[in-house]
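Under our numbering, the residues of the sequence shown are numbered 40 to 133, in order.
Calculated from the structure, these hints are not laboratory results. Predicted model, so just to flag it, every value in this text is computed and none were measured.
Cβ-Cβ distance ranges computed for the label pairs, FRET-style:
| hint | residue 1 | residue 2 | range |
| --- | --- | --- | --- |
| 1 | I91 | E118 | 34 to 44 Å |
| 2 | R96 | D56 | 39 to 49 Å |
| 3 | I105 | V83 | 17 to 27 Å |
| 4 | I102 | V68 | 20 to 30 Å |
| 5 | D43 | I80 | 18 to 28 Å |
| 6 | V83 | E118 | 36 to 46 Å |
| 7 | F79 | D56 | 31 to 41 Å |
| 8 | F107 | V66 | 20 to 30 Å |
| 9 | Q89 | S48 | 35 to 45 Å |
| 10 | F111 | I74 | 18 to 28 Å |
| 11 | R57 | I91 | 42 to 52 Å |
| 12 | V68 | D90 | 27 to 37 Å |
We put the CB at the ideal spot given by N, CA and C, even for glycine.
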Amino acid sequence: MLFDINANSLWQQIVPDRLLGRVQSVVWVLSWSAIPLGAFIGGVAIEQTQDITLVYRMIGVMIFLIAFAFSFTALGRAEHYLPQEAAEETKTKG
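Let the hints inform the model, and build the full structure from the sequences given.
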């Protein structure tokens, strides 16, 4: 949920208004389509390992690694792409 709020705020500031609906719809389709796939993969992983704690630990590590990897991409430096006024507001609030 925390990532979703930050990502939506970022999209609203970076994406031009005329394209915002299209971008949001593509993001929603991709993210909602991944839910059943993730549930299936998680179920198979739990069945194979017979250890739900291990699976949840691995998910936690994967989330951390994905967030860490994104910090080195343009998304990690998103404030550089914002208009100057919005970037200053973001720095003073954060």
